[in-house]
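Participant: With these hints in hand, go ahead and build the complete structure from the sequences.
The sequence shown begins at 5 in the working numbering and counts up one residue at a time.
A hint or two may mislead.
[As the list claims (entries may be wrong)] Simulated DEER-style distance windows between Cβ atoms:
#1 Leu82 x Gln506: 53 to 61 Å
#2 Gly398 x Gln312: 32 to 40 Å
#3 Asp485 x Gly398: 19 to 27 Å
#4 Tyr340 x Glu565: 36 to 44 Å
#5 Pro128 x Arg65: 42 to 50 Å
#6 Gln551 x Thr663: 45 to 53 Å
#7 Glu219 x Val370: 50 to 58 Å
#8 Leu82 x Gln374: 51 to 59 Å
#9 Asp304 x Gly398: 20 to 28 Å
[What the hints assert, rightly or not] Straight line, CA to CA, 30 Å or less: simulated DSS-like cross-link-like pairs of lysine-lysine:
#10 Lys273 x Lys247
#11 Lys189 x Lys273
#12 Lys578 x Lys552
#13 Lys116 x Lys189
#14 Lys247 x Lys189
FYI, nobody ran anything at the bench for these hints, they're computed from the structure. It should be emphasised that the depicted structure is a prediction, and the values quoted were computed from it without experimental measurement. Cβ atoms here follow ideal geometry from the backbone N, Cα and C, with glycine treated the same way.
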Amino acid sequence: MPLTSPLWHATRLGRRLIMGALLLPVLASSQTVGDKALLDMRAAYSRGQSAELARLLPTVRGHVLEPLARYWDMRVRLDTASPTEIRAALDAMAGTYWEDRLRNDWLLQLGKRRDWARFEAERPLFRMNDDRQVTCYTVMLDAAGSRLPPEVAAERVRELWLAQRDAEDGCATAAQALLASGHLKPAVVWQRARAMMEVNRPRAASQAVALIDPERAAQIDGIAADPARYLDDKITAIRPRTKELVTLALLRLAAVDPNAAARELESLKWRTQLTAEERSHAWGAIGRRAAQRLQTDALDFYARGELQHMTDEHLAWMARAGLRLGRWTAVRDAIYAMSPAQRADSDWVYWRARAIEALQEPDAVVARAQARSLYESIASTSDFHGMLALETLGVPITTPPAPAPLTAEERRAAENDPGLRRALAAMRLGLRSEGVREWNYQVALHNTGGMADRELLAAADLACREQIWDRCINTSQRTRDLIDPAQRFPTPYREQVVARAQAIGLDPAYVYGLIRQESRFVTEARSSVGASGLMQVMPATARWTAQKIGLSDFRPHQINERDTNIQIGTAYLKFALDDFEGSMPLAAAAYNAGPGRARQWRNGPVLPGDIWAENIPFEETRDYVQRVLTNTTLYAAQLTGQPQSLRARLGTVGPRSATAGAVNAELP
Numbered sequence: 005m006p007l008t009s010p011l012w013h014a015t016r017l018g019r020r021l022i023m024g025a026l027l028l029p030v031l032a033s034s035q036t037v038g039d040k041a042l043l044d045m046r047a048a049y050s051r052g053q054s055a056e057l058a059r060l061l062p063t064v065r066g067h068v069l070e071p072l073a074r075y076w077d078m079r080v081r082l083d084t085a086s087p088t089e090i091r092a093a094l095d096a097m098a099g100t101y102w103e104d105r106l107r108n109d110w111l112l113q114l115g116k117r118r119d120w121a122r123f124e125a126e127r128p129l130f131r132m133n134d135d136r137q138v139t140c141y142t143v144m145l146d147a148a149g150s151r152l153p154p155e156v157a158a159e160r161v162r163e164l165w166l167a168q169r170d171a172e173d174g175c176a177t178a179a180q181a182l183l184a185s186g187h188l189k190p191a192v193v194w195q196r197a198r199a200m201m202e203v204n205r206p207r208a209a210s211q212a213v214a215l216i217d218p219e220r221a222a223q224i225d226g227i228a229a230d231p232a233r234y235l236d237d238k239i240t241a242i243r244p245r246t247k248e249l250v251t252l253a254l255l256r257l258a259a260v261d262p263n264a265a266a267r268e269l270e271s272l273k274w275r276t277q278l279t280a281e282e283r284s285h286a287w288g289a290i291g292r293r294a295a296q297r298l299q300t301d302a303l304d305f306y307a308r309g310e311l312q313h314m315t316d317e318h319l320a321w322m323a324r325a326g327l328r329l330g331r332w333t334a335v336r337d338a339i340y341a342m343s344p345a346q347r348a349d350s351d352w353v354y355w356r357a358r359a360i361e362a363l364q365e366p367d368a369v370v371a372r373a374q375a376r377s378l379y380e381s382i383a384s385t386s387d388f389h390g391m392l393a394l395e396t397l398g399v400p401i402t403t404p405p406a407p408a409p410l411t412a413e414e415r416r417a418a419e420n421d422p423g424l425r426r427a428l429a430a431m432r433l434g435l436r437s438e439g440v441r442e443w444n445y446q447v448a449l450h451n452t453g454g455m456a457d458r459e460l461l462a463a464a465d466l467a468c469r470e471q472i473w474d475r476c477i478n479t480s481q482r483t484r485d486l487i488d489p490a491q492r493f494p495t496p497y498r499e500q501v502v503a504r505a506q507a508i509g510l511d512p513a514y515v516y517g518l519i520r521q522e523s524r525f526v527t528e529a530r531s532s533v534g535a536s537g538l539m540q541v542m543p544a545t546a547r548w549t550a551q552k553i554g555l556s557d558f559r560p561h562q563i564n565e566r567d568t569n570i571q572i573g574t575a576y577l578k579f580a581l582d583d584f585e586g587s588m589p590l591a592a593a594a595y596n597a598g599p600g601r602a603r604q605w606r607n608g609p610v611l612p613g614d615i616w617a618e619n620i621p622f623e624e625t626r627d628y629v630q631r632v633l634t635n636t637t638l639y640a641a642q643l644t645g646q647p648q649s650l651r652a653r654l655g656t657v658g659p660r661s662a663t664a665g666a667v668n669a670e671l672p
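Facilitator: This is the structure in structure tokens:
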């Protein structure tokens with residue numbers, strides 16, 4: 005769901021940041037002409053100018069980024085190039101990210117063209133193996149070639165197809181083939197259609213239904229546009245083969261008005277027409293939407309269906325509603341009804357342990373032992389619920405010990421890694437998106453299983469030394485057994501951040517925790533909605549804040565300046581913190597989703613901060629608040645050298661206190 009916060013947390017940060025020159029070693033002067041040609045090629049690629057790309061390509065021969073240039077040249081004419089030309093381009097980029105990127109694009113094209121002979125010849129060479137459509141095509145062909153049992157293929161395609169959000173060809177084609185062979189059941193089509201209707205993707209829902217019934221598929225857009233009208237049509241109830249469409253209409257209506265959907269579902273005409281499974285799924289969807297609206301009757305809706313027919317997302321919101329209302333039996337029942345994979349996630353392991361403790365079943369001694377075992381299984385400083393588990397076990401949060409220092413040989417290996425060198429060169433030229441993609445491929449996908457821990461630490465160290473802080477952090481976070489806290493939680497611009505925070509009464513750790521989540525310390529970061537700089541400040545918010553703190557000569561372009569961004573961003577954060585009575589979770593929610601939403605979400609019972617944060621309706625903001633508070637706690641441990649408490653920072657959250665001053669209605 006899009007947020008219209010005055011200060012915006014950019015999701016999928018690596019794809020959205022735009023950055024100019026980085027502090028990287030300057031390429032040799034002999035490459036200056038090649039650098040300009042590359043930038044010209046990037047412009048030509050964005051305009052689809054194949055002739056211009058072909059003209060410029062010879063001028064970048066021998067350049068470190070020649071593989072990128074070759075990718076651009078071939079990608080714009082992939083639809084018309086011969087297989088021989090494509091193969092020659094792949095060979096010229098051998099071993100690079102851009103070779104595998106082009107191969108991925110070609111495999112998708114071959115799949116859409118049903119050129120299975122070439123697809124099967126090329127597929128074993130695909131190193132990334134991270135494209136869902138390519139995987140679906142592969143599974144289908146493996147089943148057709150008797151390399152995979154068809155029932156195994158059907159289950160794999162089902163999983164991939166249900167996880168896909170868009171109306172793409174790969175998994176739909178595989179599903180169609182397995183439906184025709186009888187190994188995939190029509191019920192999966194309706195599962196797919198329901199999942200897509202719940203997230204308002206009618207095109208994907210229609211694509212699914214068309215595989216078995218084009219006539220009913222044609223009605224889905226109308227149902228999505230006005231589900232109440234479809235349900236109110238008297239003919240709908242008496243037409244044959246409408247119950248699946250009725251279910252889709254109820255799911256769509258639930259997203260708009262869960263109470264209206266509940267009234268419809270209770271009507272006799274649908275109670276008699278729908279199966280227990282269809283009714284239960286609809287009640288799960290209604291309960292989910294009511295829980296996301298923080299309605300006190302959300303659990304009543306869940307009680308009208310059977311949990312075994314509800315999705316993991318339905319059950320997650322049932323558990324959250326139970327937490328908010330203090331109904332631990334509902335929390336327990338929802339978690340135990342989840343799929344094994346979701347139930348094993350650290351958040352639900354933590355809440356399962358809390359439910360066991362609260363219910364003390366079968367007795368207090370056994371419950372304590374079971375809960376402790378669950379806490380111990382997830383306790384760590386790596387995530388929000390792991391840190392809460394640590395504290396529940398009585399272990400304060402401290403900075404993990406650093407691994408053994410990198411050797412000179414390990415550093416040199418990272419510096420000489422061809423993929424990392426290309427990534428750095430691309431970012432030096434301002435081709436940040438391309439550089440980030442190559443960097444991520446090199447550390448995670450170039451070799452099976454990705455780089456080993458010591459290699460990751462060396463690559464992260466290289467990024468840190470070059471002050472490419474987002475790659476420093478993200479690369480270091482990939483380690484499995486070794487943790488370098490200085491890489492994962494660096495403190496760039498320390499003099500400016502600490503001095504400014506202390507001057508206005510903010511905890512420097514809180515500022516660092518927020519900046520790390522907002523921009524990963526990329527000073528020239530831009531979000532897709534216009535937020536800028538380290539603290540991702542929107543232009544209108546920057547003007548308002550500048551006026552409030554007396555920056556009378558502030559000009560919009562200044563928000564891109566590091567020190568000005570810190571000054572304005574911290575001032576706004578302080579205004580938000582003061583307006584929310586010093587509550588860090590509320591102020592973080594306001595920073596991400598806007599103060600109006602944060603004020604709305606605090607209304608209701610007084611809750612422990614961990615339960616309140618779990619019930620934030622927007623997934624992005626929920627994740628943001630949890631990460632900012634986790635970051636803050638670890639930064640505090642690092643900056644002070646003292647044990648810290650996440651739970652203390654979460655505090656309790658509830659309605660505005662009677663002694664608080666008036667709401668700052670101007671706060672944007």
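Participant: If a hint holds in the structure, say so; if it does not, say that too.
Facilitator: Consistency of the hints with the structure:
no.	hint	verdict
1	Leu82 x Gln506: 53 to 61 Å	holds, 55 Å
2	Gly398 x Gln312: 32 to 40 Å	holds, 38 Å
3	Asp485 x Gly398: 19 to 27 Å	holds, 25 Å
4	Tyr340 x Glu565: 36 to 44 Å	violated, 53 Å
5	Pro128 x Arg65: 42 to 50 Å	violated, 30 Å
6	Gln551 x Thr663: 45 to 53 Å	violated, 29 Å
7	Glu219 x Val370: 50 to 58 Å	holds, 57 Å
8	Leu82 x Gln374: 51 to 59 Å	holds, 56 Å
9	Asp304 x Gly398: 20 to 28 Å	violated, 38 Å
10	Lys273 x Lys247	holds, 11 Å
11	Lys189 x Lys273	holds, 27 Å
12	Lys578 x Lys552	holds, 12 Å
13	Lys116 x Lys189	holds, 23 Å
14	Lys247 x Lys189	holds, 17 Å
Hint violations for this structure: numbers 4, 5, 6, 9, all remaining hints satisfied.
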